[in-house]
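Go by the hints and put chain D onto chain F.
Heads up: the sequence lines are chains F and D, in that order.
Residue 1 is where the first sequence starts when you use this note's numbering, and the numbers rise one by one after that.
Residue 1 is where the second sequence starts when you use this note's numbering, and the numbers rise one by one after that.
FYI, nobody ran anything at the bench for these hints, they're computed from the structure.
Treat the hints loosely; a few may be bogus.
No copy is singled out in the list; a pair is fine if it fits within one copy or between any two copies.
[Unchecked claim] Here are the simulated DSS-like pairs of lysine-lysine, each with C-alpha atoms no more than 25 Å apart in a straight line:
| no. | residue 1 | residue 2 |
| --- | --- | --- |
| 1 | 361 | 304 |
| 2 | 361 | 73 |
| 3 | 273 | 73 |
| 4 | 186 | 116 |
| 5 | 116 | 202 |
| 6 | 245 | 265 |
| 7 | 186 | 304 |
| 8 | 245 | 361 |
| 9 | 198 | 73 |
All values reported here derive from a predicted model rather than from experimental measurement.
Protein chains: 2
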Amino acid sequence: MKKLSRKTFFKGLALGTISLPFFIRALGGQNQAQPSSPNIISTKRYRWKMVTTWPPNFPVLGEGCQLFADWVKEMSDGRMEIEVYGGGELVPPLEAFNAVRMNVAEVGSGAGYYWKGIVPAAQFFASIPFGLNAQQMNAWLITGGGMQLWEELYAEYGLVPAPGGNTGVQMGGWFNREINSMADFKGLKMRIPGVGAKVLEKAGGAPVLLPGAELYTGLERGVIDATEWIGPYHDYEMGFHQIAKYYYTPGWHEAGTTLEFFFNKEKFDALEKDLQMILRTAAHRLNMWMLCEFETKNSIYLEKLRQEAEVDIRQFPDEVLRQLRQYTEEAVAEEIAGDPFSQKVYASYNAFRNRAGNWSKLTEKVFYNSLQI
Amino acid sequence: MKKLSRKTFFKGLALGTISLPFFIRALGGQNQAQPSSPNIISTKRYRWKMVTTWPPNFPVLGEGCQLFADWVKEMSDGRMEIEVYGGGELVPPLEAFNAVRMNVAEVGSGAGYYWKGIVPAAQFFASIPFGLNAQQMNAWLITGGGMQLWEELYAEYGLVPAPGGNTGVQMGGWFNREINSMADFKGLKMRIPGVGAKVLEKAGGAPVLLPGAELYTGLERGVIDATEWIGPYHDYEMGFHQIAKYYYTPGWHEAGTTLEFFFNKEKFDALEKDLQMILRTAAHRLNMWMLCEFETKNSIYLEKLRQEAEVDIRQFPDEVLRQLRQYTEEAVAEEIAGDPFSQKVYASYNAFRNRAGNWSKLTEKVFYNSLQI
Chain F
1 MKKLSRKTFF KGLALGTISL PFFIRALGGQ NQAQPSSPNI ISTKRYRWKM
51 VTTWPPNFPV LGEGCQLFAD WVKEMSDGRM EIEVYGGGEL VPPLEAFNAV
101 RMNVAEVGSG AGYYWKGIVP AAQFFASIPF GLNAQQMNAW LITGGGMQLW
151 EELYAEYGLV PAPGGNTGVQ MGGWFNREIN SMADFKGLKM RIPGVGAKVL
201 EKAGGAPVLL PGAELYTGLE RGVIDATEWI GPYHDYEMGF HQIAKYYYTP
251 GWHEAGTTLE FFFNKEKFDA LEKDLQMILR TAAHRLNMWM LCEFETKNSI
301 YLEKLRQEAE VDIRQFPDEV LRQLRQYTEE AVAEEIAGDP FSQKVYASYN
351 AFRNRAGNWS KLTEKVFYNS LQI
Chain D
1 MKKLSRKTFF KGLALGTISL PFFIRALGGQ NQAQPSSPNI ISTKRYRWKM
51 VTTWPPNFPV LGEGCQLFAD WVKEMSDGRM EIEVYGGGEL VPPLEAFNAV
101 RMNVAEVGSG AGYYWKGIVP AAQFFASIPF GLNAQQMNAW LITGGGMQLW
151 EELYAEYGLV PAPGGNTGVQ MGGWFNREIN SMADFKGLKM RIPGVGAKVL
201 EKAGGAPVLL PGAELYTGLE RGVIDATEWI GPYHDYEMGF HQIAKYYYTP
251 GWHEAGTTLE FFFNKEKFDA LEKDLQMILR TAAHRLNMWM LCEFETKNSI
301 YLEKLRQEAE VDIRQFPDEV LRQLRQYTEE AVAEEIAGDP FSQKVYASYN
351 AFRNRAGNWS KLTEKVFYNS LQI
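So here's chain F without its partners, still in its complex pose (with noise of 0.2 Å):
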């Protein structure tokens, strides 16, 4: 991957911010016929288009979408083209999920909680505070009914949905207060979007929106505390270790987040059925990639944190986090209260996540304790 400057890093960050539904270019048809290549002859070719809530070229997700695109076209010998369109060249990034509904581009890549405000049970399906973790959501989604309950969902809104990446454990973010107690909580600004801010509004504090580009002005000047972002791959790019403190983990608002492909259903159900098979297989394989390089960057760049800037990095201790899953638990009970698919989507989450939880606690977090004994 080529190098990115924090300035071309933050080119198109939008994240923060939601337009209305904007489509410059009202884009027909996909569907071209073309020559077939020598091997096959195929009746059908398809140019379709991507968008995304990623700046273009985003360090492994925006990335990720291009393997996306580089595989299917592989396996479909070229019958499959997809071009991809980071957020803000196409439609503004958190327009993707209707623009794909509306057929301005056949699919799009994202994050359910996104689209929470069009549809709130799709943060299930992203992450919420105190939630699974990787290893734990894609069991839940792929043989543990998670999928399913997915499908359905989005069936009503046009689209299908397939995981296509994940984050894993994020860290806690970037603080210039030390969070010793809840009572540090009281006032403190931070950037954190989603039912994390519902949490950290219960805990006295003040959730700030802003998006991704005013972030590190927004801490240097003190119109924010804290922010959290991704891990040390992607906060290293942000230069958040310049100007602040503390660097705090877990990432409790984001123990493992799902990011998604969504196609327009009825595109999606016109294809072939081997199209269909290989752009479900391709997410399935890039929902892998993803985790993966955000373990292998996340590694190096860790050390490259702790060789060039010496990050103080903390735990937020016991107490807190104890208090803040009781707050999530209260959030979440609000989130889902109005919404009957909500609370059929969380009772097979949390039913998920309890017998999960029996399990890794003999065997992944032994694991990982045992590491360090």
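Chain D alone, transformed into the frame defined by chain F:
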């Protein structure tokens, strides 16, 4: 999945025994020209054979091989059909590796440590004691440089490898003797293969080679004092909870075993590029699916074991794990001593383990520990 009786489950379980190469049916060319489907006119259709080390329809592992074949068939619109043979159906289980090298079958499914007698370095692509867990193995292979080494290694044997599954952290096994200190390993007769067996020897124990089908009666009659197997799902089917006193964790000997596909390189290289990518991508999807299925089923069967048998689950004391890890380091040093390629692979593996260990200490480890605070 259909419920398997223990008898059915045993059928063909012969992983403990290695026969000499013995190919009952020598098979010729596999490609057959066939009429095309209405939609795709391709020049070639393939009917491939997959030999596996698993008993026919073995839960998760054998089932996964069939899923892989289904996905490949659907993605290729029927151009590539793979018939899956259980261990012993076409060649003995542990002959799968050589069978594919000799083109008796085009593809095989197994785990690298089964053929370390032929390819010493292969075991690092499956599992070594106190090695990487699933998330780390995948990251090392897929984005951490492991795959390149694996391909280089297997090319020497006329094969193309692909990751094709992961068990997750296994359990430490069923014991009829308490393990409170290293002294309890003295004279312990335990079924444990590979490097784990060497470690047990260093600890004063007596590793016993018993085929899977003889483990139940062996444990019942005191031929062995302990046996490792996989995790709650498979262990439940084996019935060990009926005859063993303690179920120990963690599976220090297998923290995240990668299962693998290996393709006959000449056959693979001769395929059209789209089919090559279809095979690779289906393998990656299965790699994820298996881990998910293990996670889901083990969670369910752990609950079942606890409800039905009130199993006494114990954790190896830290002192024991520390000492076993020390012995493992000695055993691995002996394993790689005479083999430069093993040394190269282990150097890469170990560097990744150290970096990923530091990262997981801040994230996955904290996540799992915070589940119980």
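Q.
Regarding residue 198 and residue 73, is the shortest C-alpha distance of 25 Å or less found within a copy, between copies, in both, or in neither?
A. Answer is neither: 42 Å inside a copy and 48 Å across each miss the 25 Å cutoff.
Q) 25 Å Cα cut-off: does residue 273 pair with residue 73 within a copy, between copies, both or neither? A) Cα proximity of residue 273 and residue 73: in one copy and across copies (15 Å, 11 Å).
Q: Check residue 186 against residue 304 for me: Cα-Cα at most 25 Å, and say if that holds within a copy, between copies, both or neither.
A: For residue 186 and residue 304, the Cα distance exceeds 25 Å both inside one copy (33 Å) and across copies (45 Å).
Q) At most 25 Å between C-alpha atoms: does residue 245 with residue 265 qualify within a copy, between copies, both, or neither? A) neither (47 Å within a copy, 54 Å between copies)
Q: Tell me, please, which holds for residue 245 and residue 361 at an alpha-carbon limit of 25 Å: within, between, both or neither?
A: between (33 Å within a copy, 20 Å between copies)
Q: Please work out whether the CA atoms of residue 116 and residue 202 approach to 25 Å or closer within one copy, between two copies, in both situations, or in neither?
A: within (20 Å within a copy, 57 Å between copies)
Q | Intra/inter-copy verdict for residue 361 and residue 304 if alpha-carbon distance must be at most 25 Å | A | between (31 Å within a copy, 16 Å between copies)
Q) Should residue 186 paired with residue 116 be assigned to within, between, both, or neither, using CA atoms and 25 Å as the limit? A) Neither: 27 Å inside a copy, 59 Å across copies.
Q. What label fits residue 361 with residue 73 when the C-alpha limit is 25 Å: within, between, both, or neither?
A. Intra 42 Å, inter 39 Å, cutoff 25 Å: neither.
Consistency note: the structure conflicts with the earlier hints numbered 2, 4, 6, 7, 9.
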